[in-house]
Every structure is written in structure tokens, then in C-alpha cells.
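Enquirer: Line by line, the protein sequences are chains D and S. In terms of my numbering, the first sequence opens at residue 1 and continues consecutively. In terms of my numbering, the second sequence opens at residue 1 and continues consecutively.
Honestly, the hints are just simulated from the structure, not real lab data. Heads up, a few of these hints could be off.
Here are the simulated lysine-lysine pairs, PhoX-like style, with alpha carbons at most 25 angstroms apart [said to hold, decoys possible]:
#1 D/71 with D/14
#2 D/71 with S/26
#3 S/56 with D/57
Some chain S residues flagged as far from chain D (calculated, every beta-carbon gap over 10 angstroms) [to be verified]:
#4 7
#5 33
#6 55
#7 61
#8 66
#9 98
#10 103
Only a predicted model underlies this, so the values are computations on that prediction, with no experimental measurement involved. Even for Gly, the Cβ is constructed at its ideal location relative to N, Cα and C.
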Amino acid sequence: NAGVTQTPKFRVLKTGQSMTLLCAQDMNHEYMYWYRQDPGMGLRLIHYSVGEGTTAKGEVPDGYNVSRLKKQNFLLGLESAAPSQTSVYFCASSYLQQNYEQYFGPGTRLTVT
Amino acid sequence: SQQGEEDPQALSIQEGENATMNCSYKTSINNLQWYRQNSGRGLVHLILIRSNEREKHSGRLRVTLDTSKKSSSLLITASRAADTASYFCATDAEGAQKLVFGQGTRLTINP
Numbered sequence: 001n002a003g004v005t006q007t008p009k010f011r012v013l014k015t016g017q018s019m020t021l022l023c024a025q026d027m028n029h030e031y032m033y034w035y036r037q038d039p040g041m042g043l044r045l046i047h048y049s050v051g052e053g054t055t056a057k058g059e060v061p062d063g064y065n066v067s068r069l070k071k072q073n074f075l076l077g078l079e080s081a082a083p084s085q086t087s088v089y090f091c092a093s094s095y096l097q098q099n100y101e102q103y104f105g106p107g108t109r110l111t112v113t
Numbered sequence: 001s002q003q004g005e006e007d008p009q010a011l012s013i014q015e016g017e018n019a020t021m022n023c024s025y026k027t028s029i030n031n032l033q034w035y036r037q038n039s040g041r042g043l044v045h046l047i048l049i050r051s052n053e054r055e056k057h058s059g060r061l062r063v064t065l066d067t068s069k070k071s072s073s074l075l076i077t078a079s080r081a082a083d084t085a086s087y088f089c090a091t092d093a094e095g096a097q098k099l100v101f102g103q104g105t106r107l108t109i110n111p
């Protein structure tokens with residue numbers, strides 16, 4: 001099993017450009033999450049999904065959109081990138097509900113210039 | 001606002017010594033989890049302790065939970081160079097549908 005995978009691993013965007021980060025999991029997990037990690041700030045939840053076709057806002061959702069069309073995939077979109085979105089983005093998934101352990105992907109390092 | 005906060009922010013010890021990290025949180029929880037993050041990698045789950053448990057062990061890891069003080073500690077015994085990483089606690093506010101992570105403790109094990 002590959003676990004949780006993320007593409008791409010690195011990306012540089014110019015301000016105003018758009019992009020989509022893809023997260024895929026092969027563990028048949030119901031819950032999926034997108035976090036961002038900034039120096040000295042731990043992980044902050046952007047959006048999450050409790051099942052196929054559902055999405056919900058986390059702590060810092062502004063400037064991001066998500067979709068969960070298939071159970072195994074969770075997409076994070078940036079419609080108009082800003083320098084404040086420079087960060088490392090992590091996807092995670094968990095079985096049944098959020099109170100179980102979360103499995104993390106390797107991260108995507110995004111720089112917006 | 002931050003639910004879980006780790007202390008200390010950074011810890012440097014010699015190989016073979018024990019390392020203790022603390023986590024404090026603000027609201028009632030169902031469980032508390034500890035994760036490890038090696039440099040440049042994603043987080044890896046270490047241990048989960050439920051609100052009705054006081055202590056849990058996993059190999060060289062010992063986690064305690066004191067719900068009256070809203071605090072938890074992670075003890076790593078007989079530390080190794082490979083334990084060098086950042087350690088995060090994560091809590092679920094009771095009734096909430098998400099985990100909230102602390103800012104982490106950066107642990108360095110010196111050979």
C-alpha cells in the first residue's frame with residue numbers, strides 16, 4: 001500500500017496564478033484533511049472531508065477550495081495564489097472519524113512569489 | 001486559538017538520556033495524540049491516549065494524561081540519534097470534528 005500520496009512535491013507560483021494539489025489514499029479512509037504548516041505555528045487545518053462528496057471548513061479556509069469527488073482523492077485548489085500562501089501543505093486521512101490516528105502524506109512545498 | 005501547546009519548544013539532550021515533553025490544552029477532550037515529524041517529512045502517529053486513561057506505553061514511549069490539569073507528557077526513554085525530530089500533541093475538543101495540533105517540541109539527540 002502506498003498510504004497517502006501528494007502531488008506535486010514542490011511548486012513555485014507567481015502571485016495570481018492558480019493550481020491544484022492532489023492527495024490520494026489507498027486505505028479506504030472516510031476522513032481526509034488538508035493542513036498547512038508554517039515555521040513556529042504547527043499545523044493548521046484548512047479544509048476537511050468526512051466522506052465522498054462532502055467538505056467542511058477548517059481553521060484557515062480563506063483563499064482555498066476543495067473537492068472530494070472520489071473517496072480516495074481530496075483536491076486542494078488555490079484560485080489566485082498570494083505570497084501569504086507560501087507554506088508546506090500536508091494531506092492526511094483517517095479511518096471512520098477524526099478521533100482515530102491520522103496518516104499523513106509527505107507534503108507539498110509551495111512558494112508564491 | 002491554540003488548543004494544545006507543547007513545552008519546551010526545543011530540547012537538546014545526550015544519547016541515552018530520557019526526554020520529556022509536555023502538552024497543555026484548554027478544553028475537555030475525548031483523546032490526545034502524539035505525533036513525530038522528521039525533518040522534511042509528514043507526521044507519523046505515535047500514540048493515542050483516551051480521556052479515561054491515565055498512562056499508556058508503547059516501546060520506549062510513555063504518555064501520561066492528567067485531565068484535571070489539562071496536560072499530558074511524552075517520555076522517551078534511552079534516547080537514540082534517530083529520535084531527533086519534532087513532536088506534536090493533538091487534541092480533539094469534545095464534540096468537535098477535527099484535531100488541533102500544538103506548535104511542537106523540537107528534540108535533538110546529541111551523539
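Enquirer: Now tell me if each hint is right for this structure.
Expert: Taking the hints in turn, this is what the structure says about them:
1. D/71 with D/14: violated, 31 angstroms
2. D/71 with S/26: Violated: residue 71 of chain D and residue 26 of chain S sit about 33 angstroms apart, past 25 angstroms.
3. S/56 with D/57: The given pair, whose Cα atoms are some 33 angstroms apart, is violated under the 25 angstroms limit.
4. 7: Per Cβ check, residue 7 of chain S is outside 10 angstroms of chain D; nearest 13 angstroms; holds.
5. 33: Incorrect as stated: the minimum Cβ-Cβ distance to chain D is 6 angstroms, not above 10 angstroms.
6. 55: holds, 19 angstroms
7. 61: holds, 14 angstroms
8. 66: holds, 20 angstroms
9. 98: Its Cβ does come within 10 angstroms of chain D, the nearest being 6 angstroms, so this is violated.
10. 103: Contrary to the label, residue 103 of chain S does not stay out of reach of chain D, its closest Cβ about 4 angstroms off (not over 10 angstroms).
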